[in-house]
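S.K.: Residue numbers (my numbering), protein chains in the order written: chain A, 1 to 114; chain B, 1 to 116.
Any given hint could turn out to be false.
Rough simulated footprint, nothing fancy, chain B against chain A, three-plus residues with beta-carbon under 8 Å [stated by the list, open to error]:
1) 22-29
2) 34-44
3) 48-61
4) 64-70
Bear in mind the hints are in silico, worked out from the structure with no lab data behind them.
Glycine included, each C-beta is placed from N, C-alpha and C at the ideal position.
Next come the chains, spelled out residue by residue.
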Amino acid sequence: DTGVSQDPRHKITKRGQNVTFRCDPISEHNRLYWYRQTLGQGPEFLTYFQNEAQLEKSRLLSDRFSAERPKGSFSTLEIQRTEQGDSAMYLCASSTGGAKNIQYFGAGTRLSVL
Amino acid sequence: AQKVTQAQTEISVVEKEDVTLDCVYETRDTTYYLFWYKQPPSGELVFLIRRNSFDEQNEISGRYSWNFQKSTSSFNFTITASQVVDSAVYFCALILSNFGNEKLTFGTGTRLTIIP
Chain A
1 DTGVSQDPRH KITKRGQNVT FRCDPISEHN RLYWYRQTLG QGPEFLTYFQ
51 NEAQLEKSRL LSDRFSAERP KGSFSTLEIQ RTEQGDSAMY LCASSTGGAK
101 NIQYFGAGTR LSVL
Chain B
1 AQKVTQAQTE ISVVEKEDVT LDCVYETRDT TYYLFWYKQP PSGELVFLIR
51 RNSFDEQNEI SGRYSWNFQK STSSFNFTIT ASQVVDSAVY FCALILSNFG
101 NEKLTFGTGT RLTIIP
């Protein structure tokens, strides 16, 4: 069973550009989560999906951020008009759902906005 | 709102020493789960343990052990006979068992360095 995979692993962009990240969850996991981790901090929840439905969004997810999971499998996270403050590690996790179930994480996409 | 505090920002110990990582949490809910994750330099968060709020039994897995004390809202992690491969950032996390809640709240992490 392959783990959660994220692509790309690293992204460098200029301020104002749009970027898109992809996450492929563990197969048959119907929950998919996005977290953001800045330097020296723990991951912070952004949003999560149950199948293709986006069930919760954090207030951290500004209007410039959009996440999709169109067929209930992989997910994309897009950031429009990037700002230097968007520089962070973006982590994806998946699970079979429910608070008690373990969220398995990918290796993340490190975004640097110049 | 819930909160997780890991007061130790960085710890360094010499290989083979024992080390304890502290985790204190805050919540008004009575039903929740606590987790520990390891984040090596590669960046991936690796799951280590899950404990529910009704199970205060301590757990041992090889060189790892966890001490859960509800009375002090603590869930501490001890590594016995540390090894260089244990060097990583360790995160404690909390999730409430409310229906529909699936958001992990993490502490700020403890960077552990094992000196050969």
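S.K.: Compare the structure with the hints numbered earlier in the document and write down the numbers of the violated ones, lowest to highest.
M.R.: 1, 4
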